[in-house]
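Chemist: Here are the chains, one letter per residue:
2 protein chains.
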Amino acid sequence: MDISAVNALPYEDFVNLFGNVVEKCPLVAAAVWTKRPFVSLSLLEAAINEFIDALPEAGKEGILRCHPDLAGRDLQSGTLSPDSREEQARAGMDALSSAEASRVARLNEEYKQRFGFPFVICVRLNDKANIVRELSERCLNTRAAESARGIEEVKKILRLRLQALVLPDAPHKL
Amino acid sequence: MDISAVNALPYEDFVNLFGNVVEKCPLVAAAVWTKRPFVSLSLLEAAINEFIDALPEAGKEGILRCHPDLAGRDLQSGTLSPDSREEQARAGMDALSSAEASRVARLNEEYKQRFGFPFVICVRLNDKANIVRELSERCLNTRAAESARGIEEVKKILRLRLQALVLPDAPHKL
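Protein chains in written order, with the numbering used here: chain A, 514 to 687; chain B, 514 to 687.
Among the hints, a few may not be true.
Any copy, or any two copies together, can satisfy a pair, since identical chains are not distinguished.
[What the hints assert, rightly or not] Quick list of in silico lysine-lysine cross-link-like pairs, DSSO-like style, CA-CA up to 27 Å:
(1) 548 x 668
(2) 625 x 548
(3) 641 x 548
(4) 641 x 625
(5) 641 x 669
Treat the hints as calculated values from the structure; they're not laboratory data. Since the structure is predicted, the reported quantities are computational estimates derived from the model, not experimental observations.
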């Protein structure tokens, strides 16, 4: 689908298509529909980022809280969103050794206890070792730093999810 | 559950419990968890309303766009949220005559074409005749008036959904 086809979508189809580019937050896509038409995929992405940036701090934390734990309960019980399932599997988070799984579960709990939201990372841009190291290191940050960092990761995730749904922008003619 | 039990919930349980008090917008409950503890159910409700009020206009329209049509496709195909299904059935929206169903479908389309979001009404506070009359009359409003009116209805719906989940506040001692 190219951006002109996106611009022609009624809101229901738009929300169905883009409702999970921010995990479990169809409200974000539903809000951004108001801003159509989009000149390019980049500007659709920018509109989504702008909506997120305009949320109060609690709203940003709310976005993080809509994310599942990495290698957590939802992965084990098969209740991840299809997007998350594919992303976590691709990074090998569904095939941790028993020792790795215990370590990740312990670090996830520590992180959530400390910050009141889950550890969010764009798993497509990281391998398993890197993810576990980040989880361990980011537990030591401040809450404000982690909220900001989590939202940065949300933006990386939504960029890749958008790119899987919309054809790339044509290069500018010279 | 009373308000002190609500205040003791980890965010995951809080979002599971209250994630649909605003239809398909778990982000709202997930954001409001930041504001706990809540002294009373009324103040939990106030925190949710405050979060909604602070959204930009596009965000309010986004909330409306997360709602299904009344007596629409989701009702017919069984894909309504359990909350909506029960509410629509109680108002008799699942048992329209063929003529009523056609009229509602036509008015829903007219409304959505005009405003870019669906007609939202607290069906628990209205009977079938009243709902159809409101749908017909509200089609004539301005977009700004209907966005504001839709959000008022969202607040009535969330109040009743909250009351179904949390025990009422104790009356003040004299």
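Chemist: Each of the hints needs a verdict: does it hold here or not?
Modeler: Comparing the hints with the structure gives:
| no. | hint | result |
| --- | --- | --- |
| 1 | 548 x 668 | both (18 Å within a copy, 25 Å between copies) |
| 2 | 625 x 548 | between (35 Å within a copy, 16 Å between copies) |
| 3 | 641 x 548 | neither (37 Å within a copy, 34 Å between copies) |
| 4 | 641 x 625 | within (20 Å within a copy, 46 Å between copies) |
| 5 | 641 x 669 | within (17 Å within a copy, 46 Å between copies) |
When each numbered hint is compared with the structure, a violation occurs for hint 3 only.
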